[in-house]
Every structure is written in structure tokens, then in C-alpha cells.
Amino acid sequence: MTTATDTTPAPQAQAANSFAMIRTLSGIALVSGVLLALVYQATFDIIKANKEEAVKNAVFAVLPGLSEAHPPVAFGLNPDTGELVELASDGDVLAEGFEKIYVGFDDAGQFVGVALPASGQGYGDVIRVMYGYTPAAEQITGLKILESKETPGLGDRIGKEPFLDNFRGMDVKMDDARESLLHAIQWVKHGEKTEPWQVDGISGATISSTAIARMLRESTQRLLPAVNAKLDELKDAG
Amino acid sequence: MANNNRHGPSDMETFLRGLWEENPVFVMLLGMCPTLAVTNTVMNCIAMGLAASFVLVMSSVLVSLFRKFIPKQVRIATFILIIATFVTIVDYVIQAISLELYASLGAFIQLIVVNCIILGRAEAYASKNNVKKAAIDALGMGAGFTFALLCLGVVRELLGSGTLLGYPVLGSHFEPWAVMILPPGAFFVLGTWLLIFNAMRERSARKAREKAA
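So the protein lines, in turn, are chains A and B.
Quick note, the first sequence lines up with residues 1 to 238 if you use our numbering.
Quick note, the second sequence lines up with residues 1001 to 1213 if you use our numbering.
Treat the hints with caution; some may be incorrect.
[Unchecked claim] If you only want the chain B side, here are some residues facing chain A, beta carbon under 8 Å, derived:
1. PHE1069
2. GLN1073
3. VAL1074
4. LEU1081
5. ILE1082
6. ALA1096
7. TYR1125
8. ALA1143
9. PRO1176
[What the hints assert, rightly or not] The calculated label-pair distances, taken between Cβ atoms and stated as ranges, are:
10. B:GLU1123 / A:ARG23: 12 to 22 Å
11. A:GLY65 / B:GLY1106: 52 to 62 Å
12. A:VAL93 / B:SER1098: 23 to 33 Å
13. B:LYS1207 / A:SER18: 30 to 40 Å
14. A:GLN110 / B:SER1098: 25 to 35 Å
15. B:SER1104 / A:SER18: 39 to 49 Å
16. B:GLY1008 / A:GLN41: 38 to 48 Å
17. B:PRO1009 / A:GLU147: 21 to 31 Å
18. B:VAL1114 / A:LEU231: 24 to 34 Å
19. B:GLU1123 / A:GLN186: 35 to 45 Å
20. A:ASP176 / B:ALA1107: 44 to 54 Å
Honestly, the hints are just simulated from the structure, not real lab data.
Glycine is no exception: its CB is placed at the ideal position from the N, C-alpha and C atoms.
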């Protein structure tokens, strides 16, 4: 072992060293770049398909009676201006103010309902959910948690039964002009649910279950009037 | 070169050293972050163990291969570059295999970059040994890391959810100990395993001393 030579290199050695450093780092960076480009190319389509599959599964989970033969169609909806744009592919980036919604169809290609997004602050982090809405019955048909970091064993019960049963057939009737909800979605303590627009809370997960009720209330009040205004366009999408 | 003495450890000994004698988690106490964070289910442990082992083996091989060309002033930068490349590859591959798995591992896949086991092996072993030795050492360390994760994961999933790999094994009468899948559970289980492993090592050391005496 010779460590003495390492301490004070001659000027020429220093120049050579710099060259060696640049050579090594750029050489390895080049190899890395090529490797990453190859892997990115190879996995790009699979990852995209996986993401579409996950979204499709969520839409199927919140809207019962959908058909594989008539896949859901994605739209961008701006609830403030009432603008509606059909998305060519699921990966399309939406402009500011637009929400991504999915329109579902049954075996006969008939309109069933829409899957709508909602999100809000939970106990752990932001919770993102998707819920199904059938304008014909004026009901929420189901809810699925897309993203949540709620505490396992406590807050994460928002993603399980019996809590999810709250949202099968939840009443979201609107007034005759279809501009606002007759009853806003309301959180109640566990066991005190009496009306179909109430969310039966979870004891031990008050913050998480309240968060779901709140984000759903806000989302329905914002999105349902816009959806109803564009219902004919949405029905024709299939 | 000091490492090239003729009576160096055999390949099997090199491998077993990582798995047992110098187990990265239970003996060297490296890689605590993923060990505590992702061991709440057995599936997470397997995925994390395999991902880290893949990165460990590939970067050790590359570091060992290029060891003569890496100036020592930029060796850490070079190691990190190599490690980061393989971590990104693993990141894409896991997304391609299962988004659900990707979501449950969270940021800890990307954080393999700063896993001190990998940088430690590159610095302490791969940069001083030939490719074959480096690969075997990395395999041993990777296996040791996966083994340690599984030690925690099996206990935590069994007690915390009453399942193994998602299959219920403790029956419906079992009330899951929610604390086991929460962060404190990771500390409890790790502490218990460290106690057991240290007791075992002390005992075998004492026996060896008695034999010698």
C-alpha cells in the first residue's frame, strides 16, 4: 500500500487527473443515458397501459353495469365555464380549471352515468377519489379511493366496507332547474344516518371520513350542475 | 494488493458473510430507512429486497469493471451515477409490472439511490475486487438484506393484518394488531430481532471461546 504518492501530485499529474475525471464521468453518464433511454422506451407502453387499466378498473368499480364492449370515454369538463372537451387519449393534459370525467355505457351502448373526481385534505395527505353518478336516478352509485395515505387500521377504513356502502345509492337529487342540490351531502356520527344523503362516519376515523364527506359535497355541488347541463352531449359520446 | 492473498475467503464464504456474519441490517445496521418503512407486508419486502439486490449486483459489477478507470477524487460521484441509473431502471420496471406495488413502495424505490448498503459495498468492496468477487459479495449482501426485510415483514404482516402475502392465515377470530403495520411496529419488531440475533451471536462467540480455552 503506497499512500504517500497520493498526497501531492505533480502539475502534469493533476492535468492528467482532470482529464481522467472528465473522461470517466462523461463516459459513464453516456452509458447511463443510453441504458435509461432503452429502458424508458421498452417500458413506456406497458406503464401507459397499466395506468389506463387502473383508471378503467376504477370507473367500472364506481359505475355498476358497464360493458367491456363499450369502453368509458374520457372528457375534460370545466365546471366554472361549462366547457366540455372530448379527450382523444387518456394521457391528454387538461387545461387549468378542467376536471377529467369518464362517461360509461352498458352492453347496448346506452349511457349509464359518469365517473367524477373529488379530492381533499385527509389526515395523512391529500385523498383522491372517484365516484359514479347516474343522472337518471340522481344517485351516487359507488366510490373508490384512488390515492390516500391514511393510517392503516384506522383512517384507511374509508377504503373498505361497510363505509363504502354509504355511497351505493346515495341521494344527490337536484332542484327542478338542475342547478343546485336539494340536500348537500352531510357527515353524521356513526350509527346516526337516517337520510340517503348522509355519510355514516367511522368512529376512530373521524377526520378521514369527514374529509370524504366534505370533498364529495364540494365536488357534487360544483360538478353535478355542469354535468347535467351537458348531459345530451355526454349521452351521445358512445 | 492486500486482498489478493492466496488464502482469501472462498466464494461461498463471501456469499454467506453478507447473508449472515455481516448481515447489512442485523449486524451492520445499514439501510434502516427502507427496513423500517416498507416491511408492513411480505410482498413489499420481496419487491424491495429484489429491487435493492438488483441495483446492488449491477452497480457492484459495473464499479468493479471500471475500478481501474475511476479516479479516486470522483469515485463517489461515479458510484452514485451508476447506482442512480439502475435505480431508475428498477423504477420503470416496477411501474411496468404493477402500479399497485409501485404505489405501496412509495418513494422508497427512488431512495435506493442513497441506500448506504449499496454505496458502502461499492466503496468498500467492489472498487477493490474483481468482477466475480464483487458480484458474489453483492449477491450475498442483497440476499442478507432481503432476508432481514422478510424477518420483519413476516412478523408485521402476520400480527398486523393476520395474513401472509395477502392470504388470511390466522382466521377470522384474530383481531389484527394495527400497531404492527404502523411505524412503531417496525421499531418493536426490529428491536426484537436485533435482540435475538445479538444473543445468538454472543452465545456462539462464548462457545468458541470455551472451545479454545
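GLN186 (chain A) and GLU1123 (chain B) - C-beta distance against the hinted 35 to 45 Å: violated, 60 Å
Satisfaction of the PHE1069 (chain B) interface hint, Cβ to chain A closer than 8 Å: The hint holds - PHE1069 (chain B) has a Cβ within 8 Å of chain A, the shortest such distance being about 6 Å.
Satisfaction of the hinted span 30 to 40 Å by the C-beta atoms belonging to LYS1207 (chain B) and SER18 (chain A): The hinted range 30 to 40 Å is violated for LYS1207 (chain B) and SER18 (chain A), with Cβ atoms some 55 Å apart.
Supplied distance hint 23 to 33 Å, evaluated on CB atoms of VAL93 (chain A) and SER1098 (chain B): holds, 25 Å
Residue hint PRO1176 (chain B), partner chain A, criterion CB-CB below 8 Å: Since the shortest Cβ distance to chain A is 7 Å, the answer is holds.
Hint check: 8 Å Cβ-Cβ cutoff, GLN1073 (chain B) to chain A: holds, 6 Å
Hint check: 8 Å Cβ-Cβ cutoff, TYR1125 (chain B) to chain A: violated, 17 Å
Restraint satisfaction for LEU1081 (chain B) [CB to CB of chain A, less than 8 Å]: holds, 5 Å
Supplied distance hint 52 to 62 Å, evaluated on CB atoms of GLY65 (chain A) and GLY1106 (chain B): violated, 35 Å
CB-CB spacing for GLN41 (chain A) and GLY1008 (chain B) relative to the 38 to 48 Å hint: holds, 42 Å
Range agreement (Cβ of ARG23 (chain A) with Cβ of GLU1123 (chain B), hint 12 to 22 Å): holds, 21 Å
Hint status (Cβ of ALA1096 (chain B) to nearest Cβ of chain A, threshold 8 Å): This interface hint holds because 4 Å falls under the 8 Å limit.
Of the hints listed earlier, those the structure fails to meet are numbers 7, 8, 11, 13, 17, 18 and 19, in rising order.
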